[in-house]
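Q: Line order of the protein sequences matches chains A and B.
The first sequence: position 55 = 55 (our numbering), numbered continuously.
The second sequence: position 111 = 111 (our numbering), numbered continuously.
Incorrect hints may appear among the rest.
Claimed, not checked - The calculated lysine to any residue pairs, modelled on SDA-like cross-linking and capped at a C-alpha distance of 20 angstroms, are: (1) A:Lys134 with B:Asp116; (2) A:Lys134 with B:Asn66; (3) A:Lys60 with A:Ala75; (4) A:Lys60 with B:Pro113.
Rather than coming from a laboratory, the hints here were simulated on the basis of the structure.
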Amino acid sequence: MNVLDAGIYSRLNTAAITNLLAAGSLSLFHLQAAENAAYDYCVWNIQGGGDINESPHRVKNLVVFIRAYSASGAAQAGSIDAQIDTALHLLPLTVSGWSDLWLARETDLELVQNDPSGRQVWMAGGMYRLLLEKT
Amino acid sequence: MAEFVSGPTLVLSWIHSGGTTSLAGDTRSVQWNPSTAYAETTAGSDTQVGRLPTIKDATASIECVNPAGGTALYAALDSQKAGTLIIQPEGTATNKRKITFPCYSDGAQYAHPYADTATLTCSFTGAGNVLNNYTDGVN
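For reference, chain A alone in the conformation it holds in the complex (with noise of 0.2 angstroms):
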């Protein structure tokens, strides 16, 4: 969904979000960073969910995850991801030609990985069910 895309990244491109990112409002992706993207950034993608079709309603059910990765420690990686838990949890999201119906965050996560370097990069972040109704 685009518009939902267009609608996350509006909400995430805040300066309480991009001031903690390697380059403001570039850091902020979709599915995955650009190449050699540097740390720290935020990544969003739909996790699941669709159309409910429970009344004649279109109603989208669905989970986003978005989290934030540092190579400078996990805390890092947490003060980002409590920037977007401000920015998002229980807000209504601005997406066009829907309405939002419910924005909350459900399930915490975290994890660190090693890139190819060898280099730890820790990530947080956190999975937000949104209802949407088609307006």
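Chain A is already provided as a structure; the job is to place chain B on it using the hints.
A: Below, chain B alone, put in the same frame as chain A:
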């Protein structure tokens, strides 16, 4: 004969003293429950209970999503409201099924969960010749 899914074609209307309320746009499900009473005719050396059907009855119930600001709907489905429920599972095309049910609203019951769509359920109870008998026919 092909099967059908009623959702896309269902037409559901509640005609009452305040006007006609179209419910189909918010409906999740509709149940139509005709029934009959019986007189027992068991006698003598019968080995099974004998019955004869006597008088018919019917109820219906609906589940809808709860529209924001739906105050007119709340009034229309208030308890004891008399009206006629029209159920057209396959729409309004000629020769498709049409149930016409003069009845009373039992009163809509509302659910407002914290993290899900608000819904209402409402049952309807027939009153026979006080309002009128139901008919199960076609458009």
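Q: Quick check: which numbered hints come out false for this structure?
A: Those not satisfied come down to hint 3.
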